[in-house]
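> So you can see what is in the structure, the chains are spelled out below.
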Amino acid sequence: MGSNRVLVVGGGLGGLAATMKLAELGVNVDLLSLTPVKRSHSVCAQGGINSVSDLTRQEGDSEWKHFDDTIYGGDFLQNQPPVKEMSDWAPKVIDLMDRLGVTFNRTPEGFIDRRRFGGTLYRRTAFAGATTGQQLLYALDEQVRRRESEGLVNKYEFWDFLGPILDDNGRCVGAAAQDMVTMQMRAFPADAVIVATGGNGLLYGRSTMSVFCTGSAASRCFQAGAKIGNPEFIQVHPTAIPGADKLRLMSESARGEGGRVWVPRKPNDSRSPKAIPETERYYFLEERFPKYGNLVPRDIATREIFNICVNEGLSIDPTRMCVYLDLTHIPKAELDRKLSGILEIYEKFQGVDPREEPMKIFPAVHYSMGGLWVDYEANANGGLLPGSPRNQSTNVPGLYAIGECDYQYHGANRLGANSLLSCIFSGLFAAPGIVNWMKGNKAAADLPKSIYEKALATQEARHKKLLANSSGDENPYLIHQELGDVMTRSATVVRDNKQLTEAYDKVCQLSERAAKCSLSDTGNWTNQNVIFTKALQDMFPSAKCILKGALHRDESRGAHYKPAFSMPSLSATDPAAKRKEAERWCDEFELNNEKFLKSTICDWNGSDPELSYEEVDTRLLPPRPRMYGLVGAEVIEQVWNERKANREKQPEPLKKQLAGAST
Amino acid sequence: MIAPRNEEASRNEEASQRRPSKVNVRILRQDGPGLPAYWERHQVDYEPDMNVISVLQKVAAQATTSDGQRVPPVAWDCGCLEEVCGSCTMVINGRVRQSCSALVDRLLEADANEIELRPMSKFPVRRDLVVDRSRLFRSLQRVDAWVPVDGYYDMGPGPRISREEQEQNYPLSQCMSCGCCLEACPQYNKIEMQREPGESDADYTARKNAAFDQEFVGAAAISQAMLFNSHPVGKNLANERMEVLTGPGGIQECGNAQNCVAVCPKEIPLTTSIARAGRAATVYSIKKFFDR
Numbered sequence: 029m030g031s032n033r034v035l036v037v038g039g040g041l042g043g044l045a046a047t048m049k050l051a052e053l054g055v056n057v058d059l060l061s062l063t064p065v066k067r068s069h070s071v072c073a074q075g076g077i078n079s080v081s082d083l084t085r086q087e088g089d090s091e092w093k094h095f096d097d098t099i100y101g102g103d104f105l106q107n108q109p110p111v112k113e114m115s116d117w118a119p120k121v122i123d124l125m126d127r128l129g130v131t132f133n134r135t136p137e138g139f140i141d142r143r144r145f146g147g148t149l150y151r152r153t154a155f156a157g158a159t160t161g162q163q164l165l166y167a168l169d170e171q172v173r174r175r176e177s178e179g180l181v182n183k184y185e186f187w188d189f190l191g192p193i194l195d196d197n198g199r200c201v202g203a204a205a206q207d208m209v210t211m212q213m214r215a216f217p218a219d220a221v222i223v224a225t226g227g228n229g230l231l232y233g234r235s236t237m238s239v240f241c242t243g244s245a246a247s248r249c250f251q252a253g254a255k256i257g258n259p260e261f262i263q264v265h266p267t268a269i270p271g272a273d274k275l276r277l278m279s280e281s282a283r284g285e286g287g288r289v290w291v292p293r294k295p296n297d298s299r300s301p302k303a304i305p306e307t308e309r310y311y312f313l314e315e316r317f318p319k320y321g322n323l324v325p326r327d328i329a330t331r332e333i334f335n336i337c338v339n340e341g342l343s344i345d346p347t348r349m350c351v352y353l354d355l356t357h358i359p360k361a362e363l364d365r366k367l368s369g370i371l372e373i374y375e376k377f378q379g380v381d382p383r384e385e386p387m388k389i390f391p392a393v394h395y396s397m398g399g400l401w402v403d404y405e406a407n408a409n410g411g412l413l414p415g416s417p418r419n420q421s422t423n424v425p426g427l428y429a430i431g432e433c434d435y436q437y438h439g440a441n442r443l444g445a446n447s448l449l450s451c452i453f454s455g456l457f458a459a460p461g462i463v464n465w466m467k468g469n470k471a472a473a474d475l476p477k478s479i480y481e482k483a484l485a486t487q488e489a490r491h492k493k494l495l496a497n498s499s500g501d502e503n504p505y506l507i508h509q510e511l512g513d514v515m516t517r518s519a520t521v522v523r524d525n526k527q528l529t530e531a532y533d534k535v536c537q538l539s540e541r542a543a544k545c546s547l548s549d550t551g552n553w554t555n556q557n558v559i560f561t562k563a564l565q566d567m568f569p570s571a572k573c574i575l576k577g578a579l580h581r582d583e584s585r586g587a588h589y590k591p592a593f594s595m596p597s598l599s600a601t602d603p604a605a606k607r608k609e610a611e612r613w614c615d616e617f618e619l620n621n622e623k624f625l626k627s628t629i630c631d632w633n634g635s636d637p638e639l640s641y642e643e644v645d646t647r648l649l650p651p652r653p654r655m656y657g658l659v660g661a662e663v664i665e666q667v668w669n670e671r672k673a674n675r676e677k678q679p680e681p682l683k684k685q686l687a688g689a690s691t
Numbered sequence: 055m056i057a058p059r060n061e062e063a064s065r066n067e068e069a070s071q072r073r074p075s076k077v078n079v080r081i082l083r084q085d086g087p088g089l090p091a092y093w094e095r096h097q098v099d100y101e102p103d104m105n106v107i108s109v110l111q112k113v114a115a116q117a118t119t120s121d122g123q124r125v126p127p128v129a130w131d132c133g134c135l136e137e138v139c140g141s142c143t144m145v146i147n148g149r150v151r152q153s154c155s156a157l158v159d160r161l162l163e164a165d166a167n168e169i170e171l172r173p174m175s176k177f178p179v180r181r182d183l184v185v186d187r188s189r190l191f192r193s194l195q196r197v198d199a200w201v202p203v204d205g206y207y208d209m210g211p212g213p214r215i216s217r218e219e220q221e222q223n224y225p226l227s228q229c230m231s232c233g234c235c236l237e238a239c240p241q242y243n244k245i246e247m248q249r250e251p252g253e254s255d256a257d258y259t260a261r262k263n264a265a266f267d268q269e270f271v272g273a274a275a276i277s278q279a280m281l282f283n284s285h286p287v288g289k290n291l292a293n294e295r296m297e298v299l300t301g302p303g304g305i306q307e308c309g310n311a312q313n314c315v316a317v318c319p320k321e322i323p324l325t326t327s328i329a330r331a332g333r334a335a336t337v338y339s340i341k342k343f344f345d346r
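Chain order of the listed sequences is A and B.
Oh and the first sequence: position 157 is 185 in my numbering, straight run, nothing missing.
Oh and the second sequence: position 57 is 111 in my numbering, straight run, nothing missing.
Since the hints were derived computationally from the structure, they do not count as laboratory data.
It is possible that part of the hints are untrue.
Computed cross-link-like contacts, EDC-like style, restricted to lysine to aspartate or glutamate with a CA-CA straight-line distance of at most 16 Å [said to hold, decoys possible]:
hint, chain 1, residue 1, chain 2, residue 2
1, A, Lys534, A, Glu643
2, B, Lys262, B, Asp159
3, A, Lys482, A, Asp195
4, A, Lys626, A, Glu583
5, A, Lys623, A, Glu643
6, A, Lys376, B, Asp159
7, A, Lys183, B, Asp186
8, A, Lys526, A, Asp582
9, A, Lys294, A, Asp364
10, A, Lys302, A, Glu385
11, A, Lys183, B, Asp255
12, B, Lys76, B, Asp186
13, A, Lys302, A, Glu384
14, A, Lys608, A, Glu670
15, A, Lys120, B, Asp208
16, B, Lys112, A, Glu510
17, A, Lys606, A, Glu676
18, B, Lys341, B, Glu269
19, B, Lys76, B, Asp159
20, A, Lys376, B, Glu321
21, A, Lys534, A, Asp513
22, A, Lys376, B, Asp103
23, A, Lys626, A, Glu643
24, A, Lys183, B, Glu163
Just chain A, with the same shape it has in the complex (with noise of 0.2 Å):
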């Protein structure tokens, strides 16, 4: 084997999960990060993470619901194998987590003690108080930081990714990389390059995300040719604390332990939430999904929440809207158990006891679903072929992408508890399949030494133009502020094209100022100034990505919800009416499905991205009519189970020809 030296860019569950898998397989790692890993992004990750377990099966519950509560969740956005792969791992998974040493809550026997999350009626999400992430975080760390002990890691932290260097033929040999402290760039010749660099939430300015998810790395693999998936998918959590810095997290793990999401039925109530009676408060998250109540899915609960602020004024403060978030009900010692961690931030931060007060929170900018599109090899039962080097590979040989920063798991909404997963799983899969393709390539070190010479040279002069930019008059961090007000406004919960197509030539505007920033810093020592800059420059074809890929998609999906193209609700209320409005109902779906069920896929051309659209991979589950049991949609579900059950009935040629008829 000539060729064995793999880079990792970035240190969050993916990336570390990745190396110390490839560790384990004999693969020499250079692992490069913004942070010192331990301090990667993953730490905020507070409910749990999901699978199937002894208990839950016993219940009626199995890997392949876990499957089809991901896929309905995420709207039918996803492939299917990759999916199905990852429900099926996902015990191992959490076993393999517990073998290392992850301080999961127990059961009065030791068992690892499970909550229920949103979008499942099963209790499948482990979790370690509600500080999950950060716990499993540092188990990888630790186990990291033993492979680095015995050599065959070596860390880079406090290193800027500037971009992937690829050979003549268009494969990927290595990266670009700065030193933060000392400014320095280098080169690492790689044999692959995985790039694990989680979401892009500074794109809104304020977010739940911390400070270095500006999506750049993705950003500038995209710029140099890979192409991004989904963009338009961004969860917005329906639960976090305003503030001015951060929009602070309130884990949904709050409603998976009993927490109750409501506003005082009469509006601009002035009374304290404690001194309003049952009767007088407006549970409606309960009210409207009686199945799933306060854990429906995110998208959902936004809308939900964000509907009763602006469109029904129910807000609980004039000032500022919010909800309540009540976990007053819950004995004391079982919170300080289970939740501890998130009810010390809002403590903290807000100066209120949350034991004692209903939390007031308001819907903050979470997760990309999309992200860099990633290719994957289906074995014969639907799942993936495992040590397949398709598996996790962008479009550029021998770039990897894996965690949030790839497009591959969550469709059009994510399920809470599954991002832990699908990152710690995308990590330790692609591993082997990477050993494969470096098998059969010339080994990166004996290629000449021109190749990566000129790509320093190319960032060694971005560099310097910048600095040397004392002119211009635009200062990076305003333009930021600005990026982050257009794409809030026109790319959250509710989106409409007009306002799209003014968010999109702002954003063009922002990007040219952007280009013209001058610094106030431009020396050579820990300039953050620059690598800021850098980063903002490198958030605009993200921004377009997101802008565009929401423009031309016009319908309703998951996180995507566009009133003027949305399915209309029933509104008949004579039963044989009704009928008809939901047989009506089933067709536009049916329609939209063909129009609609199809990935973004975005190219960048140096200035824009260009949209082509993909098939989705239905191969195991058949889309269906995503409803969670609202009430009032009874009769949609009926005509649909009707039409599957009358299409199951009909011999195979015969639905071949209904499909092809009514395209």
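Given the structure of chain A, go ahead and fit chain B onto it with the hints provided.
Below, chain B alone, put in the same frame as chain A:
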């Protein structure tokens, strides 16, 4: 998020009645390692719900001192902004803490005139408020702070852990390597080294590690050693860990000042861990003596 326009306006109005319109900050700056430190004053607009991070964000955007001089923006470290990543430790009004959870309103209650920001003093300054904490991570390596599993293949679940054990270990496992306990410790002293001309990355790291390994390992790492010594598989390395804790820079360096536990932002029972380590060290030393 979906910023209702009236939100900030009306809250500002309410706030302006009881809060100043400006916030003054005094920052101890340093342009690079080994260079002299100097104080600089900045003034930013007051907003409700500010923390030290949002003050520093404004300072960076202005890049102008309170007397109108253009200066390079102040450098500082931060990450999650919700006190779980450990990045943003600094000394604020004389007390080491995370700057994200340092709320401006509270700080102004204590001193309305000014907020004072200094870098940690026990780690070498890289620039301004950014320090080099690589020694902290090295100390985790020193005490083998990991569970020595066979590998990462599927081998079924881990050992059964009782609820009591979990409740004892979880607090220790929340250590975010922020360094507050080390800054506050009288026995933990700064080690500052410079790269020699022509020295390679690997050689420089090896020389630094050798120096770190002779000095006090500190409360955070002692507590991690106790965490892993109590894990059913982690304890397979208990002797190795005790060898380090009874060697140079080990537990005997602790002067029992108990500052560490007082400043820990996660309220980790560090002195309990240190006491446990002390007892274990005694047992280990006696056992070692008789096993010779």
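> Which of the listed hints are not met by the structure?
1, 2, 9, 12, 17, 18 and 24
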